[in-house]
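Undergrad: Each chain, letter by letter, is given below.
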Amino acid sequence: MTGTLEQRSAPAEGRTSLLGTSAARKEDDRLLRGDGRFTDDIEPAHALEMAVGRSPYPHARILGIDLGLAAELEGVRHILVGADVRSATRPLTVLRPVPGAPALPYYALAGDVVRYEGEPVVSVVATSRAVAEDALELIEIDYEPIPHVSDAMAALEPGAPQVHPGLVERNLMVSNPEGTGDPEARVAAADVVVEGRFRINRVTGLPMETRGIVAEWRPGARELTVHSSTQVPHLVRKQLAEVLSLPESDIRAVASDVGGGFGLKLGIYPEDVLACLHAMALRRPVKWVEDRMEHFRATTHAREATHDYRIAARSDGQIVAITDTYATDLGGWNSSFGSAQLSSVVFTGPYKVDDGYVERRVVLTNKTPIGAYRGYGQPEVNFACERLIDRLARRLGIDPLELRAKNMLRPEDLPWRNPAGAVYDSGDYELCLRMAAEAIDYDAHRAAPRVPRADGRLVGIGLSSFVERTGYASSRFLARRGSQFGAHESVTLRANRSGGIDVYTGVSTMGQSSETAFAQVVGEVFGIAYDAVKVHAGDTGASPLNTGAFASRTMIAAAGALTAASEALQAKTLRLAAWILECGAEDVEVAGTVVRRRDDPAVSVPLADVFTAAILGQGIPPEEEPGLEATAHFEPTDAAYSFGTAAALVSVDPDTGEFDVERFVLVHDCGTAVNPMVVEGQVRGALVQGLGAALGEELRYDADTGQLVNGTMMDYFAPAAPDVPPIELLHTEVPSPVTPFGIRGVGEVGTIPPAAAIANALCDALVDFGVELDTLPLTPEVVWQAMRGR
Amino acid sequence: MTDDVDVTVTVNGETVTARVPPRLHAADFLRHRVGLTGTHVGCEQGVCGMCTVLVDGDAVKSCLLFAAQLDGCTVRTVESLATGDRLHPLQQAFKDAHALQCGFCTPGFLMTVTALTDRGERLSEPEIREEIAGVLCRCTGYDPIVKAIARHLDATAADDAARAAR
Ligand code: FES
Ligand code: FES
Chain A
1 MTGTLEQRSA PAEGRTSLLG TSAARKEDDR LLRGDGRFTD DIEPAHALEM AVGRSPYPHA
61 RILGIDLGLA AELEGVRHIL VGADVRSATR PLTVLRPVPG APALPYYALA GDVVRYEGEP
121 VVSVVATSRA VAEDALELIE IDYEPIPHVS DAMAALEPGA PQVHPGLVER NLMVSNPEGT
181 GDPEARVAAA DVVVEGRFRI NRVTGLPMET RGIVAEWRPG ARELTVHSST QVPHLVRKQL
241 AEVLSLPESD IRAVASDVGG GFGLKLGIYP EDVLACLHAM ALRRPVKWVE DRMEHFRATT
301 HAREATHDYR IAARSDGQIV AITDTYATDL GGWNSSFGSA QLSSVVFTGP YKVDDGYVER
361 RVVLTNKTPI GAYRGYGQPE VNFACERLID RLARRLGIDP LELRAKNMLR PEDLPWRNPA
421 GAVYDSGDYE LCLRMAAEAI DYDAHRAAPR VPRADGRLVG IGLSSFVERT GYASSRFLAR
481 RGSQFGAHES VTLRANRSGG IDVYTGVSTM GQSSETAFAQ VVGEVFGIAY DAVKVHAGDT
541 GASPLNTGAF ASRTMIAAAG ALTAASEALQ AKTLRLAAWI LECGAEDVEV AGTVVRRRDD
601 PAVSVPLADV FTAAILGQGI PPEEEPGLEA TAHFEPTDAA YSFGTAAALV SVDPDTGEFD
661 VERFVLVHDC GTAVNPMVVE GQVRGALVQG LGAALGEELR YDADTGQLVN GTMMDYFAPA
721 APDVPPIELL HTEVPSPVTP FGIRGVGEVG TIPPAAAIAN ALCDALVDFG VELDTLPLTP
781 EVVWQAMRGR
Chain B
1 MTDDVDVTVT VNGETVTARV PPRLHAADFL RHRVGLTGTH VGCEQGVCGM CTVLVDGDAV
61 KSCLLFAAQL DGCTVRTVES LATGDRLHPL QQAFKDAHAL QCGFCTPGFL MTVTALTDRG
121 ERLSEPEIRE EIAGVLCRCT GYDPIVKAIA RHLDATAADD AARAAR
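Chains as they are written, first to last, in the numbering used here: chain A, 1 to 790; chain B, 1 to 166.
One chain only, chain B, in its complex shape (with noise of 0.2 Å):
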């Protein structure tokens, strides 16, 4: 169509351009556009959190972004975690607290916490509680996951005095 607009976008490391819909969310834009389909849709309206990416590093959540306002901006989501086979340290984390089930909201959580870790803080459970808020699970009740998180925060704060240190 002609009201049509391109955008160039940064993902996961590789540019893409297109030509989008001014009414495409960048949810869809990555899900059916740019084939991410680990980054999930469960409300379109900036509650349930499953489709929570990085833009510029911040955690957003891309149903609440029309694809065009992507233009220029570097985006993350859940397929650039893991290294080849291995889990990234975080995915391993949530994997071995039992922190998914259906694992619908998990890339969610995944791509929350990484903007946090990137934050080098070390929270108590009742913030991590807190800056999850905004990523809904139906199924694990939550406790796995925030243990989850703790353990990786704690990891990756241990990590970076021990890198200070040296």
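Next up, chain A with everything else stripped away, as it sits in the complex (with noise of 0.2 Å):
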């Protein structure tokens, strides 16, 4: 089916009235009540508060530390510096290891020498934050800079300032080729080639929330709890115990209210660890809270990167080989998930190319270090490949849509394995580029005059088509990449006394709508009525081990486990409904808040005393166990990759560069829609962040000082409302084959086309200035250079 989420009505087909629609959100009462609970607003007593001493150098010998006045201002409490953390700490560990790379010794404070302006030297614990930080002002560092190096391309230069030396050889952290067949035969006898050098900008997710921790030890009970603006709960109890050498059940990890993670908070960072030495050495809750100039320095970074694509074809327009060869900038460590991972898995994009090869390299640099971020390395290589479709179209004198069409893969060509090994589950990719191209109007624009419209501007129109991957295929996929995590999701459900059901997961709810979404299938599969379920997120005390909330794949793991673990609690409530009305299991049904018979409606229970029955054990058939409860964990066995194309119509100043984006297409396929209302939500939310990265957010540095230049909310410019153009999304709704309900991930997926679409929109309406955009961000100066050929 297709259309709009919101032009369609009734359930689809086999669904009940809880799947699939937009049933009102768990989550929004308290938030609008201002009664969220994020982690600033958590205050347990005698809490104390710690700053952060951070290095203004990218690159520089710590000579010495000398603390003088610090620790005598009143209210000053603790004070650690690098050998401290050193003696008393491992180094972080991360989640997602770059493969075939060494680890590196990140410590939460440094030691001898530091990396990265904003990296943590010394930190101070107080009565209150603005006393650490006066305590701060009375340390004095002494540094002695050494060169640095800010650029990842130089980076590699023989010669270039080395990072991580008798580590790290030349900044490289590693390579990781991948392919299939020979591109290289391919390209040496093709009619065409095509290929460019594409640049992506450093950015951020820029969270509205900061990151922050609550530390609180109890020596005698041995417990350590967290709470913390977390995407992942109990990851960072599994990190804080490497780290920190405790056993894992020495510590509980909270994450209540997530004010935004988007990837960036994934895992710990050296603030969590600090945080914990604080409180365990005073016995006292310590807090700290980002503020934003040490977020835009301390928080990790994203997406840079600098392609070299290259596209060969036969003059007929038909791709024989792509080659992708990308440096990834890491910055000065590795952080929990470190640099993007997922261009190489859909380098090729939605194309059938049976030749490929894409190579990986991780570079360091004296820059903050790179993370994870909504989509994950797949917004850069879509930057590159659809860029150079457009270019190869041009060179061809093939139109960019019937280009794309030709190449595309087709319904019946999947399931297939593209070169890096991915295995497109399901989908109609041409369906997804021709609706685009029909909503922008494509044809009335390629039928018209190429001239400049009454108003003096010109004209483009530019599309972009992806596939993007969501979940994770398996554990055994994920083992063989070396990731400390699973593959699944896990969640408990507990039946209570007043008729409702808890559920417990270690998801924490950062704004995804997971504790709607989890309800919506508890109801769906048991029949419950939406309203009697509650879902409890985010505390590892209460929940069952689990993953948490990155790489959209927390609906397609969840939904098999809360479909199983709701089946079985079912069944059970069946069993023992049956017994008190005295007919068989076969006979009854659950209805909302009553477990009633079939044949006959009037005769019910409530599900308030077959709950309680079981909980007390008193009214139980006498082979049944007392209690009503169900953990169920799910693997999914593959990933499900969703699709789509992207159109946008810009208009340029032929004079200025300056230019409007006056409409923007998503044409886009999740699969089942759980809740199209979020879905909608999801993929407008993230398109606005692909936009802003594409037309403004950048982060950068200048090269002789090393330092970041922008790095304030004043000069970081994150869209606001009057900057985001009119948006049109429509969807296709493909199940995927490959997961519960025909899942597909939507939470990065507007990341990825905009760049693309927006700089092939700009080529087009300049093509008689003959320009090619290959750096982002797209902005005014840089499409006014390109039209003056600089």
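Read the hints as simulated data drawn from the structure, not as lab findings.
Each residue gets a CB set at the ideal place from its N, CA and C atoms; glycine is no exception.
Keep in mind that the hints are not guaranteed to be accurate.
List time: in silico DMTMM-like cross-link candidates among lysine to aspartate or glutamate, alpha-carbon distance up to 20 Å [what the hints assert, rightly or not]:
no., chain 1, residue 1, chain 2, residue 2
1, A, Lys352, A, Asp191
2, B, Lys95, A, Glu662
3, B, Lys95, A, Glu625
4, B, Lys147, B, Glu130
5, A, Lys572, A, Glu625
6, A, Lys534, B, Asp85
7, A, Lys406, A, Asp191
8, A, Lys352, A, Glu402
9, A, Lys352, A, Asp428
10, A, Lys352, A, Glu178
11, A, Lys572, A, Glu623
12, A, Lys534, A, Asp609
13, B, Lys147, B, Asp96
14, A, Lys406, A, Asp354
15, A, Lys352, A, Asp316
16, B, Lys95, A, Asp35
17, A, Lys572, A, Glu582
18, B, Lys147, A, Glu625
19, B, Lys147, A, Asp723
20, B, Lys147, A, Glu728
21, A, Lys406, A, Asp316
If you only want the chain A side, here are some residues facing chain B, beta carbon under 8 Å, derived [claimed, not checked]:
no., residue
22, Leu31
23, Arg33
24, Asp35
25, Gly259
26, Gly260
27, Arg292
28, Gly685
29, Met714
30, Ala721
Here chain A is said to cover these stretches of chain B; the calculated rule only asks that three of the stretch's residues, wherever they fall, bring their Cβ under 8 Å from a Cβ of chain A [to be verified]:
no., region
31, 28-40
32, 45-53
33, 83-97
34, 138-152
Using the hints, build the complex out of the two chains.
TA: In structure tokens form, the structure reads like this:
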């Protein structure tokens, strides 16, 4: 089925009224009333506050630290320097290692050398944040700056400053090649070869809530409780156990409400370790809430990459080979997830090509570490691929739409393994392409004479088609990559005496509406009223061990676990209810708040009675055990591949390069939509992040000083309401055959196509100027310079 | 400390007196001294708008004010909007339009729009976008927020008109 999600009225065939409807969100009321519980809202009695002193240099030797009078300042309780951390902890562990790369000994505070501006060097705990910051002012740190490198391509050159000498040669952590066939032979024999170097900007996800932690230690109880703004409480617990050498049973990690994550809040950071160390030394709760200036330097950045992309084709437009050699900038240390890994996975996009080669190089520089961010490499490679498809079309004199259609995989080609080994499950890629073209009036634009509009502006249309990996293809796949987490999700369902079901999950709530979607699945499968399901999220002390909220994987994996647990709980509920109603379990069904006879719905027993009987163990069949609770784990067998096409219409002032995105259409397929309202919200939100990264956002480093020049909210231009172009969303709904309910992930797709679609539209509008845009972000200045051939 | 200052401020209808350090900003005062954690902090620089509250009826960024400057003022925060368990129509409009995801920005928008609603005007979509340009949202992409506000302003203006006609 196709169209806008809003247009679809009745639930799709075979569904009851819950799954596939826009159920009101469980999360909304508390958030609307200012009653959310974000990390800084947690204020244990006697809490102290931490402030962190950071390196102002990108690369320097620390010759000495003079605490001066800091320790004597009234209110100061505890100070840590690098040596303290080295004796008390192990280096930070990573969750998604760079395959084949050495582990870097990243401690929570720098040792002899700092490797990026913002790296923690000293930390102070005091009665208030203000006093802790006063103390930092009193601490003298003697730095000896050493040569730095802030550009990844320069870092690979002979003679470049070495970020981790002795551990990593020539700043190249590793290179990971993959591919099939013989692309070089195909390139040599091809009618036409197009190639280009594409530079993708360094950006940041910029959640509105910064990171934060509250750590409490009760030595007698051996209990370290950590409230943290994280997407993965169970993985935080695991990493803290590793770094602090504590058994996991001594640690409880809790994430209640998280004010946006987008990949930045995956795993631990140095400050998490520091807050725990202070709390353990002081036996007092210690709170640290990142301020925005810190956030720009201390929370992972993303995307920065240089792609050397190449397409070989026959003169009729048939693509015969694709190669992509690219470098990702990791920064000064590895982070929990490291630099993007998915550019390789989908490097050939939606196109059918058997001969392909992709090589990912991970490069060290003296900049803030890079980590995961919505898209995780897929927006980057899409920009390179789709820009070059348009260039190929122009070179061959083929319409870019038709060139795409000609090379796209057809529904009957799927499932299909691409040259990187990714198995695309199902879909109709061309349908999305044609729908996008129709929505934006592609044919009329092509047919119109290429002259400036009445207002003097030149108009162009650009397309970008993509395939997106969502979820993970099993833990066996992850094991091959050394990942320190599973592919599964786990939930516990517990009936309560009020007739409700409590759902316990380690997936924290960060805006993705998992509480809502989880309750919908339980309601759907169990048959209980949506209102009677309550989701308790993000507490490792209450939820079964799980993986967490990232990689667009939550719903895919959790839906399976929720289904299995709901079925188990329902089966027992029906047996107990049948005993009460004196009939067979097959004669009864759950309906909202009761269990009733199928043949006579008037005969029923309230769920509250059935649940109470189970909890008391009274009034249940003799062969049944008391209690009503189910835990289930589910691991999908494969990743599901979303897909779609974006179309952008831009108008450009040919004198100044100033441009407007007048329309932006995205046709997208996320398989079965559990909650169409939420799906729209996820897609739209990610799109605006993608538009921000395409059109304005960029973290800039000064080449001479190696310092971040625009690391404040004032200078980093995340889109505000007036900056967002009109967006039209259309969907197809091809259920994935490899996931529960046919779900595909939906959280990241919007980040992928904006840059390429808009760049292609600009190049289309400016075709007479011979403009080819290969650098992000796309600003009027960049366009103007390209028009002048600079 | 000796240089602390006394403030008396009406917050959501209640009088609060406190002795505060001069450098304590109003957002931290409301959050950590008055206990109204619905007002959020995202930048302490006047850019993100998470900390927006009403001071004497105007929407202001409370991170840019010192607590001491609130002396004698009337402050309204997001906690004042709902009546009992009933959401304010503006909150309901946000809920209906899926105008929040993580919800961290939501109080800032709600208070900005509360001041806007008091002006009693209907605004076009581009006008609404300009009015809320001082509050950032990283989750929703703004469209649902703009829709919720438009519906709320229309409904409020229609109510006012009906009342005037009676
Ligand atoms: S915290 Fe006040 S504007 Fe950002
Ligand atoms: S809903 Fe998350 S920032 Fe607006």
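Undergrad: Are the hints correct? Go through all of them and say.
TA: Hints versus structure:
1. Lys352/A <-> Asp191/A: 18 Å, holds
2. Lys95/B <-> Glu662/A: Distance of about 29 Å is beyond 20 Å: violated.
3. Lys95/B <-> Glu625/A: Violated, at roughly 42 Å.
4. Lys147/B <-> Glu130/B: 14 Å, holds
5. Lys572/A <-> Glu625/A: Roughly 10 Å separates the two Cα atoms, so the pair holds.
6. Lys534/A <-> Asp85/B: 18 Å, holds
7. Lys406/A <-> Asp191/A: 17 Å, holds
8. Lys352/A <-> Glu402/A: 14 Å, holds
9. Lys352/A <-> Asp428/A: 13 Å, holds
10. Lys352/A <-> Glu178/A: Within the cut-off at roughly 17 Å; holds.
11. Lys572/A <-> Glu623/A: Holds: Lys572/A and Glu623/A sit about 12 Å apart, inside 20 Å.
12. Lys534/A <-> Asp609/A: With Cα atoms ~18 Å apart, Lys534/A and Asp609/A stay inside 20 Å; holds.
13. Lys147/B <-> Asp96/B: The hint holds at about 10 Å.
14. Lys406/A <-> Asp354/A: 15 Å, holds
15. Lys352/A <-> Asp316/A: 15 Å, holds
16. Lys95/B <-> Asp35/A: The given pair, whose Cα atoms are some 15 Å apart, holds under the 20 Å limit.
17. Lys572/A <-> Glu582/A: Answer holds: Lys572/A to Glu582/A is near 15 Å, not above 20 Å.
18. Lys147/B <-> Glu625/A: 52 Å, violated
19. Lys147/B <-> Asp723/A: 16 Å, holds
20. Lys147/B <-> Glu728/A: 14 Å, holds
21. Lys406/A <-> Asp316/A: 10 Å, holds
22. Leu31: 3 Å, holds
23. Arg33: 5 Å, holds
24. Asp35: 7 Å, holds
25. Gly259: Since chain B brings a Cβ to about 3 Å from Gly259/A, closer than 8 Å, the hint holds.
26. Gly260: Constraint on Gly260/A satisfied, holds at 5 Å.
27. Arg292: With a minimum Cβ separation of about 4 Å from chain B (threshold 8 Å), the hint on Arg292/A holds.
28. Gly685: Holds - the Cβ of Gly685/A comes within 8 Å of chain B, reaching about 5 Å at its closest.
29. Met714: Holds - the Cβ of Met714/A comes within 8 Å of chain B, reaching about 6 Å at its closest.
30. Ala721: 4 Å, holds
31. 28-40: Result for this restraint: holds, n = 7.
32. 45-53: It holds, with 4 qualifying residues against the three required.
33. 83-97: That given contact holds, which follows from 4 residues of the region 83-97 of chain B lying within Cβ reach (below 8 Å) of chain A.
34. 138-152: holds (count 9)
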